[in-house]
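Colleague: The primary structure of each chain is shown beneath.
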Amino acid sequence: MTRVVVSDVARHFGRRKALANVSFTCEPGDIVGLLGPNGAGKSTLLNILGTLLSPSKGSVTYGENAASDGAELRGRIGMLGHDLFLYPELTARENLTFFGQLYGLRDVPRLVAGALEQAGLFARADDFVSGFSRGMRQRVALERALLHDPTLILLDEPFTGLDQASTAALVSRLRNRQQAGCMIVLATHDLDIADGLITKALFLIGGKVVTDPGGGGALRQRYHAAVASVAA
Amino acid sequence: MTAFVRVVWIVVKKDITVEVRSMELLSTTIFFAITVVLMFSFGLVVEGRAVQDVAPAILWIAIAFSGTLALGRTFERERQNDTLRALLLAPADRPAIYVGKLVGILLLLALVEIVLVPLVGLLFNAPIFAHPFRLAVTLAAGTIGFSAVGTLFAAMLVRARSRDVLLPIMLYPMTVPVMIAGVRGTAALLQPTPDLAIAQFWLALLGTFDVVFLTLALWTFDPVMTD
Amino acid sequence: MTRTTLYMLALTAGMFAVAPFIINAAPNEATMGLVYKIYFFHMPSAWMFLIAAITSGIASARFLFFKKQSADGWALAAAELAVLFGAFTLVSGPLWARKAWGVWWQWDPRLTSSLVLFLMFVAYLLLRRFGGPGSDKLGAGMAIFSIANVIFVYVSVNYWRTIHPPTSVVPTLPVEMGIPLWFCVTAFTLLFIVLLRLRARLEHQRARVEALFLAEES
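Protein chains in written order, with this note's numbering: chain D, 617 to 848; chain C, 5 to 231; chain U, 21 to 238.
If you're looking for bench data, these hints aren't it; they were derived computationally from the structure.
Source: prediction; values computed, not measured.
Don't be surprised by glycine CBs; every beta carbon is placed ideally from N, CA and C.
Treat each hint with caution, since some may be false.
Listed below are several chain C residues computed to face chain U (Cβ distance under 8 Å; list not exhaustive) [stated by the list, open to error]: (1) Arg53; (2) Phe69; (3) Leu209; (4) Leu220; (5) Asp231.
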């Protein structure tokens with residue numbers, strides 16, 4: 617996958633407009649930040665990028681081929697969903713093993729052990745996910761998303777519930793993936809963390825992309841300026 | 005082909021693992037089915053004697069009701085944490101995921117029927133051991149038909165509003181042939197003098213229904229689940 | 021509405037206005053006397069019910085498999101007409117049965133199969149109405165299943181009970197009875213086509229209004 621091109625994408629649910637005229641490009645090595653208030657359409661856009669939703673208008677192109685579903689494409693996308701995509705009745709190890717096998721990976725036990733190690737949850741590997749705190753679940757869900765070494769990484773609020781150490785670990789993980797040439801799109805409220813991490817900022821307000829007022833200031837200021845420009 | 009079977013097996017294994025932990029679905033569904041049998045018995049048994057052919061009818065109604073509940077709750081589990089989306093996100097063949105969920109429900113209903121058939125045999129003095137193999141095959145064929153349509157509809161409704169009541173509204177008229185064939189076929193086997201030819205006819209109808217609707221479900225699962 | 025639809029509507033209205041007179045002119049039947057004449061409305065209605073159901077099934081398949089957006093409007097319109105004509109069939113049938121054979125309902129195969137198919141399309145409408153966004157696709161799946169099921173429902177109900185007059189009644193009808201029958205069939209067919217076009221157009225326009233609303237810059 618050489619790049620992802622989002623072209624004039626719109627999505628509505630019945631009469632509710634979730635997204636309108638969204639266009640951007642994501643190149644290898646990009647970390648695109650989707651920033652916006654609740655209900656701005658960030659999750660919807662991530663779902664469209666992950667082929668879970670089809671756009672009502674416009675298109676998403678992955679690499680050279682136009683998007684459609686296709687098992688091969690899905691195999692190269694990793695997603696950390698808003699609702700985590702984990703089975704609470706299974707242990708952390710079982711969750712990862714299940715998805716590893718479902719994705720047809722080789723040597724699943726070794727991959728799973730490595731993932732648990734990375735998440736710092738090796739000691740709790742055989743405890744049920746239902747007993748985990750939000751932060752711990754987030755870490756397992758992240759490993760689930762990255763287990764198959766995807767090229768396009770989609771993250772919905774990945775920093776929720778993470779403490780300092782985990783946040784730092786995640787940031788360095790993403791930077792590592794970025795070096796490896798992956799494309800990352802992450803939706804977040806956390807402007808301060810995003811500031812140091814993202815290469816492109818996409819302000820999504822009311823389903824529409826608001827142009828970055830620029831000026832090279834801190835992300836927080838640019839974001840507030842963007843919000844203000846819409847309210848005006 | 006093997007990839008398909010592998011995915012089915014993985015999904016079934018996961019569902020069994022989840023269920024074995026709490027046995028919630030199995031125990032409550034079995035108990036519910038027993039309650040249905042009793043409720044209908046109270047309605048249909050007059051002066052201590054059952055109306056003729058009431059045993060197969062009650063059996064199949066209990067299967068239909070408990071099957072509908074079990075389907076709803078299986079997919080409710082996949083709705084929590086949006087894991088159904090995670091399954092659709094995987095590079096696995098989507099019809100394989102459908103078959104995986106179907107096999108899971110079939111296993112659950114098989115266990116329910118293992119309890120129900122002797123119960124019905126006991127309560128109504130039905131000769132369930134006269135033709136046990138044919139009876140088992142008829143039950144299997146009917147349960148497959150019912151579950152094939154039910155699994156598709158339940159999956160379709162996961163993100164719909166009013167999904168609890170819409171499932172039975174959609175499923176019951178659609179599975180009328182299964183009910184009729186199942187009840188008539190079972191009745192032919194449980195009669196004082198079993199009529200094997202008639203039982204055979206209804207079994208053939210069930211088999212045809214199963215093949216047609218399984219195929220249709222496999223075709224429509226992907227287009228209907230892509231949002 | 022378009023000019024053709026207007027002409028068809030006028031023709032249909034005219035035919036229905038004339039129909040009672042033509043029916044009146046037909047002779048009374050040997051055993052059932054006057055009562056059988058409800059058949060002139062009951063049978064075409066039953067045919068239109070089945071045709072509407074099949075139309076809805078085919079349109080749903082086009083919508084679901086070939087992604088033709090407009091097909092959804094036709095599917096919904098045809099489903100509503102299936103419920104309409106189905107209701108008429110299921111009311112006129114028992115009325116006839118009561119007078120001709122003394123009972124309202126006898127579980128005969130054709131009427132029972134019609135009831136089941138009718139329920140399937142009522143379920144379809146309930147799904148479309150209450151299922152929330154995305155229920156157009158779900159409804160399409162259901163309509164396809166309903167049509168595939170017609171033969172199974174019929175066969176299973178048929179071998180369960182049989183009382184309905186055999187289908188082959190039609191070719192053996194004397195000419196005097198044949199004329200009002202085919203007149204009514206034509207009238208009902210025109211009615212079905214007119215209503216289908218009007219309703220489908222309404223649905224397509226609703227979809228266009230919604231698209232315009234969504235395209236509007238807020």
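Colleague: All hints, please: hold or fail.
Modeller: Hint by hint, here is what the structure shows:
Proximity of Arg53 of chain C to chain U is violated relative to the hint, the smallest CB-CB distance being about 24 Å (cut-off 8 Å). The interface hint given for Phe69 of chain C is violated, since its Cβ lies 17 Å from the closest Cβ of chain U, which is over the 8 Å cut-off. Satisfaction of the interface hint for Leu209 of chain C is found here, the shortest Cβ-Cβ separation to chain U being roughly 6 Å, below the 8 Å cut-off. Proximity of Leu220 of chain C to chain U holds as hinted, the smallest CB-CB distance being about 6 Å (cut-off 8 Å).
The restraint placing Asp231 of chain C at the interface with chain U holds, with a minimum CB-CB distance near 6 Å, inside the 8 Å limit.
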